[in-house]
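So the chains spell out like this:
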Amino acid sequence: MASNESDRVVLSVRDAHISYRIGPKHSVRDMVSRRNRQLKEIKAVRGINLTVGQGDVVGIIGLNGSGKSTLLRACAGLLSLRSGEILASSRPTLLSVGGLLNQKMTGRANLKMGCMALGLAAGEVDERMADMVEFSGLGDAIDMPMFTYSTGMRSRVNFTMCTARTPEILLLDEILSGGDASFQTKAIGRVQEIREQAGAVLLVSHSLREIRRSATRVVWIDDGQLVAEGETEDIIARYETSIASAKKPGKPSASR
Amino acid sequence: MDPAAEEQSGAMPAEQTLRSVHGRPTFIEYVAFVARQRGFAWYSAVQQLRSENVKAAIGSFWFLLTPLLNIIVYWLIFGKLLDISRGAGNYITFLAIGVLVFNLLARPLPGASRLLESNITLIRSVYFPRAVLPIAFSIENMIRFLPSILVMVLFVLAGGESVRWSWLLLIPALLIAYIFMLGLSLIFARIGKMAVDVGLAVPHFIRLLLYGSGVLYLPSSFTSNSTVLGLFDANPFFEILSIVRGAFIEAQPASTGLWIGATAWAVGTLIAGLVFFWQGEPGYGE
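Residue numbers (this note's numbering), protein chains in the order written: chain U, 1 to 256; chain X, 257 to 542.
Among the clues, some could well be false.
[As the list claims (entries may be wrong)] Each pair of labels, with its calculated beta carbon distance range:
1) X/Arg-294 - U/Ala-246: 30 to 38 Å
2) X/Trp-318 - U/Gln-103: 15 to 23 Å
3) X/Ser-511 - U/Lys-40: 53 to 61 Å
[As the list claims (entries may be wrong)] Quick partial rundown of chain X residues pointing at chain U, CB under 7 Å, derived from the structure:
4) His-278
5) Ser-381
6) Tyr-434
7) Pro-538
Just so you know, these hints were derived from the structure itself, not from any lab.
Just so you know, even glycine gets a beta-carbon here, dropped at the ideal spot from N, CA and C.
The task is simple: from the sequences and hints, build the whole structure.
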């Protein structure tokens, strides 16, 4: 699992296990008595190892519910692990569809608030605002409340916000698939820039075309476990074969 | 937390220090991190207020109208019908200050207990110290309270008080009230996340406080039992109401003990709130 391009590791996932607990919400009784609650545990990620080097663009592929988004959230420190650890040279920035945005506020206010939440000072945001608005391509709509926006427009705001400051490690969750072709091209360009500026990108997408265009290598996840990792074309080919063959039998089971 | 040095993976020669993305910062680091995010807290508070006003044409008007209606209802029931105004001086002035300041302190509590739940999308998508949320929420409430100060002054003047230098005591008194409210919001935010039934109990708690904090009556006019009065004097809500009343009402100056008590409660609650909130920190996105 060596990373190419550079030998400087920026993100290291070690035997990560993540589970969601589903069940009745905590009540006072649970706080008082420490007995185990009747909670269903869903193991979303079951022992994943991953090493990401500087300049890597790692495409993560897998079926719905395979644990890709969960893994990204955990890498951003937003979800805790059951066991294992995730180490990074700086806190990764997660960019996902629909996150963060406040529907009642304008696109501009959202951009500003989001950038501030990500750690930019108000002055810095104001300086970059014109560039950001231009990059987003939203024009006058930027001053409309966000509930008037289409999904594509929202994802433009989201993407612009999260890439305003070049993060060292950027985690993209299906973000390039929102937005139209022209914005996608721009966004892919931005991903390349981040990569060139010594960053690393983890990219979750169902669009294999997009993965082919951006990724330097690919990780295939199924049922919370790593199936394969390696050359983009090689892994995508195996993934496609597996999907094609899974269509005929009943269950799409790649691992186990 | 601490930079975990990489030793065992010798395969990577240029590996620099990697840190766990899940560690909880030390308390000092956390407070410094929160302080760096103050711009975000202010901005989101202001934007939140602005977006509320967009929704309801007379939205900001209701911030004033609600306490005003409260004051009138309490005045009719407790002042006129039941007449518990004994010893309170001009009852409507006494009542107006009580209701308005109590609203500042207690009305945010239900919202605070739901705060983390209602911001869960934000919490799950961006990392920032979550204490920023109760802080922004408190700033929001602080700004919302500003028109109430005007209403309070009107009631004080209508009650026959004259403008005095002691009115300046309103500034430290409100500062204490704000700090106390912020501390409470931090505590209730985490409790509300830990247990939903607490959220359901909050209105009852507020009602108990309303009747047990001398909002509607002056306790010393109804009992001379020193234990009961001691309990009132130790109640931060009563203390804060008393120091605000003391600033405005000439006949009811607040004792130094009340000022010390209110200050201690406010600062203590803020520190306790920060520590308590920080301790829950890695888990707010669950």
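Item to check | Restraint outcome when X/Pro-538 is required to lie within 7 Å of chain U by C-beta distance | outcome: With Cβ-Cβ at 6 Å, under 7 Å, it holds.
Item to check | X/Arg-294 versus U/Ala-246 beta-carbon gap, inside 30 to 38 Å or not | outcome: 52 Å, violated
Item to check | Per-residue hint verdict: X/His-278, partner chain U, C-beta under 7 Å | outcome: Status holds, d = 6 Å.
Next on the checklist: Checking hints one by one. Is X/Tyr-434 an interface residue toward chain U, by the C-beta closer than 7 Å rule?
Outcome noted: 22 Å, violated
Next on the checklist: Taking 53 to 61 Å as the stated bounds, is the beta-carbon spacing between X/Ser-511 and U/Lys-40 within them?
Outcome noted: 57 Å, holds
Item to check | Supplied contact hint for X/Ser-381, tested at 7 Å Cβ to chain U | outcome: With a closest approach of 3 Å, the X/Ser-381 hint holds.
Next on the checklist: The hint says 15 to 23 Å between X/Trp-318 and U/Gln-103; measuring C-beta to C-beta, is that right?
Outcome noted: 22 Å, holds
Figure legend: structure checked against the earlier numbered hints; hints not met, in rising order: 1 and 6.
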